[in-house]
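Chain residues, written in single-letter form:
There are 2 protein chains.
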Amino acid sequence: MLTRDITEDGNETTRRLISAASEEFALHGFASARIRHIAEAAHANLAAVNYYFGGKEGLYRATLRFLSRQVPAEPSRNRRGHAPEDRLRRQVYGILQRYICGERPSHLGRILAHESMNPTFHIDSLIEDMMRPELERLRAILTEIAGVGVREAELTHAALAVMGQCLLFLFARPTVQQIYPGLADGPDACRRLARQIADFSLGGIARLKKCA
Amino acid sequence: MLTRDITEDGNETTRRLISAASEEFALHGFASARIRHIAEAAHANLAAVNYYFGGKEGLYRATLRFLSRQVPAEPSRNRRGHAPEDRLRRQVYGILQRYICGERPSHLGRILAHESMNPTFHIDSLIEDMMRPELERLRAILTEIAGVGVREAELTHAALAVMGQCLLFLFARPTVQQIYPGLADGPDACRRLARQIADFSLGGIARLKKCA
DNA sequence: AAGCGTTTCAAATTCTTGTTTGAAACGGAA
DNA sequence: TTCCGTTTCAAACAAGAATTTGAAACGCTT
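Chains as they are written, first to last, in the numbering used here: chain A, 475 to 686; chain B, 475 to 686.
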């Protein structure tokens with residue numbers, strides 16, 4: 475039996491297992507994921523899951539920890555030295571890139587989506603570690619753009635409006651693509667999407683400012 | 475064994491069963507729903523599900539049919555005779571009311587959300603019967619507001635932007651409420667929400683128009 | 001090569017869950 | 001009351017899935 479921290483070691487089997495688990499959990503969520511399927515995809519024996527992780531739950535925990543560390547940090551050059559409008563564009567692009575339509579499928583985002591619909595014990599840390607920071611950063615940028623005079627609640631709502639536009643593609647991309655085919659694919663779909671969301675939202679902010 | 479159409483009859487047991495099933499399927503989705511739980515909540519015997527509906531799948535089908543008929547039709551007075559800006563507000567309010575935060579919990583919306591994450595055979599008709607019509611109506615209104623000169627793709631995106639803002643509260647209301655407590659409750663939360671979404675979006679459209 | 005801890009494996013086990021079954025209860029018609 | 005179709009019920013059943021187990025394979029050290 476293993477006792478040391480799994481996520482640290484370079485064990486080949488655990489790495490394949492976590493990799494396969496990322497896909498399975500992202501695709502189906504915790505409850506509907508099948509460890510048989512994971513073991514199969516990882517070319518590992520079914521019992522390996524229990525041997526290394528103590529069970530399905532432990533594999534899930536390890537997978538979440540692994541995926542969390544994979545999230546690329548926000549580039550620091552977005553902090554200052556740009557117009558807030560540009561920072562909004564970059565921030566939206568960053569959210570899409572990190573969690574929704576980056577070059578490699580964003581498993582953590584999908585898992586958050588599944589947790590939203592069928593929460594497990596881990597939903598809270600996902601909310602606190604990914605949703606809240608992104609929303610707060612959005613809100614800060616929007617506050618700067620809006621200037622004084624716009625109410626707190628409206629800024630909050632604006633941040634949610636931007637986030638909602640992004641998350642639509644996390645929760646319901648196949649649906650969107652069924653209704654409007656060819657809308658969000660292609661090599662720089664992510665960039666185009668970010669630009670459209672940011673521009674639309676800048677209009678929304680402008681209106682808040684005008685009505686303040 | 476019953477052969478006639480279940481949804482037509484007034485059988486007390488089937489009604490309680492479908493009612494309990496609505497809650498269960500809305501809460502957990504098809505795969506994670508437990509027919510034992512449904513039968514319990516309906517004060518019916520477990521075997522009643524198979525007796526009346528032929529199985530879990532049949533109960534799901536009957537529940538979807540029942541819930542679809544419950545959706546209140548869009549009031550026809552929204553068609554003409556109002557400024558398109560007002561029509562947008564009403565349309566947004568209608569979407570929220572029908573599927574997301576109406577007075578009674580909107581089971582059909584939740585089921586669509588679950589289907590988006592874990593599709594079953596019925597996802598297509600849900601998309602075609604509820605998502606596409608609402609999006610098309612939104613798009614029509616937005617087209618009218620934008621006037622000529624705004625590109626097709628941008629109108630499509632604008633409709634998705636509005637829908638995304640609405641669906642955020644369908645997919646992730648608990649998350650939103652955990653981060654910003656007290657934002658979306660109270661008696662007329664739905665109305666306030668609709669107003670904010672519509673106003674923000676009118677700003678987005680205005681910007682598209684200006685840049686056209 | 002022998003010994004020993006670690007890892008892999010197939011099979012057995014246990015638990016959960018949907019389905020089936022056969023009998024009992026019910027209720028109206030003869 | 002008796003008969004008969006319908007409905008309810010508890011228990012059995014079957015399938016799927018996670019977990020456990022005990023032995024075999026492996027790899028390293030002596």
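No lab work stands behind these hints: they were computed from the structure. Only a predicted model underlies this, so the values are computations on that prediction, with no experimental measurement involved. Note that beta-carbon positions come from the ideal geometry of N, C-alpha and C, so glycine has one too. Treat each hint with caution, since some may be false.
[To be verified] Derived list of chain B stretches under chain A, where covered just means 3 residues or more per stretch with a C-beta under 8 Å from a C-beta of chain A:
no., segment
1, 495-509
2, 561-574
3, 628-641
These are the hints, each one checked on the structure:
1. 495-509: holds (count 4)
2. 561-574: With 0 residues close enough to chain A, the hint is violated.
3. 628-641: holds (count 11)
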